[in-house]
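*Asks:* This is what each chain is made of:
Number of protein chains: 2
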Amino acid sequence: MKLDERLKADCHVICELTESTLLLLNNALVDWFILVPHCEEIELTNLPFQQQTAILNEVNLVARFIQQTCAPDKLNIATLGNVVSQLHIHVIGRKHSDPYWPAPVWGQSPSEPYTEEQVQQKKDQFTAFLNSTNHQAG
Amino acid sequence: MKLDERLKADCHVICELTESTLLLLNNALVDWFILVPHCEEIELTNLPFQQQTAILNEVNLVARFIQQTCAPDKLNIATLGNVVSQLHIHVIGRKHSDPYWPAPVWGQSPSEPYTEEQVQQKKDQFTAFLNSTNHQAG
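Chains as they are written, first to last, in this note's numbering: chain D, 1 to 138; chain B, 1 to 138.
Just so you know, same-sequence chains aren't split out, so a pair can sit in one copy or run between any two.
In silico lysine-lysine, BS3-like type, Cα no more than 30 Å apart, as pairs:
(1) K95 / K74
(2) K2 / K123
(3) K123 / K74
(4) K123 / K8
(5) K95 / K2
(6) K95 / K123
(7) K74 / K8
I should point out that these hints are in silico values taken from the structure, not numbers from a laboratory. Here the structure is a predicted model, which means the values were calculated and not measured.
For reference, chain D alone in the conformation it holds in the complex (with noise of 0.2 Å):
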C-alpha cells in the first residue's frame, strides 16, 4: 500500500501495525495520530466487519498509548477524508489547555513541528508501550 503523499508530507510514521501504519502529525501542539489501514477502500464501513473490528482494536490500542502517555481530557477519534482520500482514521488527545479546544482540530492554526528528538521520543514510547501490552507489531 502506498501512503498518500499529503499523508507522508504531514507526518511522521511511528510504526507498522498489523492492519495498519501508525502516523504522527507534525504539530507538537496536540497528541494527533492517524491510522492508515492497509486496504484500497476509502469507507471504514464498507471494508469487511471483521476488517472493520480489527482495525477498531488498532485505534483502540492508540486510545490506550494517548490515555497512558499524554494524559488527555478527551479523545477524538474521527475518519473524514473529504480532503485526503485515502482511509485514515484520527485518533487524537485533547487537552482544554490545547490551543484549539473546544473546536476540532482540523484547519486550525497555530500548528508548531516536532523536533527531530520528540518524534524519537514517540517511537521509543510505542515501542515501550507495545512490548508492555504484548501487542504485535505488523
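Following the hints, put chain B in place on chain D, whose structure we already have.
*Replies:* Relative to the frame of chain D, chain B by itself:
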C-alpha cells in the same frame, strides 16, 4: 439513559436501536445522523470491546442507510465530545455540493431546520430500511 439537553434541543429522535438512540441533527443542508449509545461512559474506547463492536454494527447500519437514501460522495464518522460530553457518534453523508464541503461540518453556518414533513419522511425511510434489513429496533 437520559439524553443530553443540547442533543435533545438540536436533534430529532429517529429511532431506538438496540445499542443506541438514533438522532437526526436538525439541519437539512447535510445528512447528519448521531448515534447515542446507551451508556454512561464518555469514551468509546473505554467500553468493553464487545459493546464497541455492537455500536460499530449500528454505525454500519446508519452508513448503509445514508448510502442507500442520500447518495453521499463521502461518509464522515466521528466521536468528539468536546462540547457535549455524553458519548455520541456522528455519521454524516457529505456531498461535494453541500455548503461546507470539504470542511468538517462542526461549527459551520448556514443551517436550515427540517420541516415536520421532512422529519417524518426520514423516520419512515429509516423504518422501511430497517424492515428491509431485518435489523431489530431497540
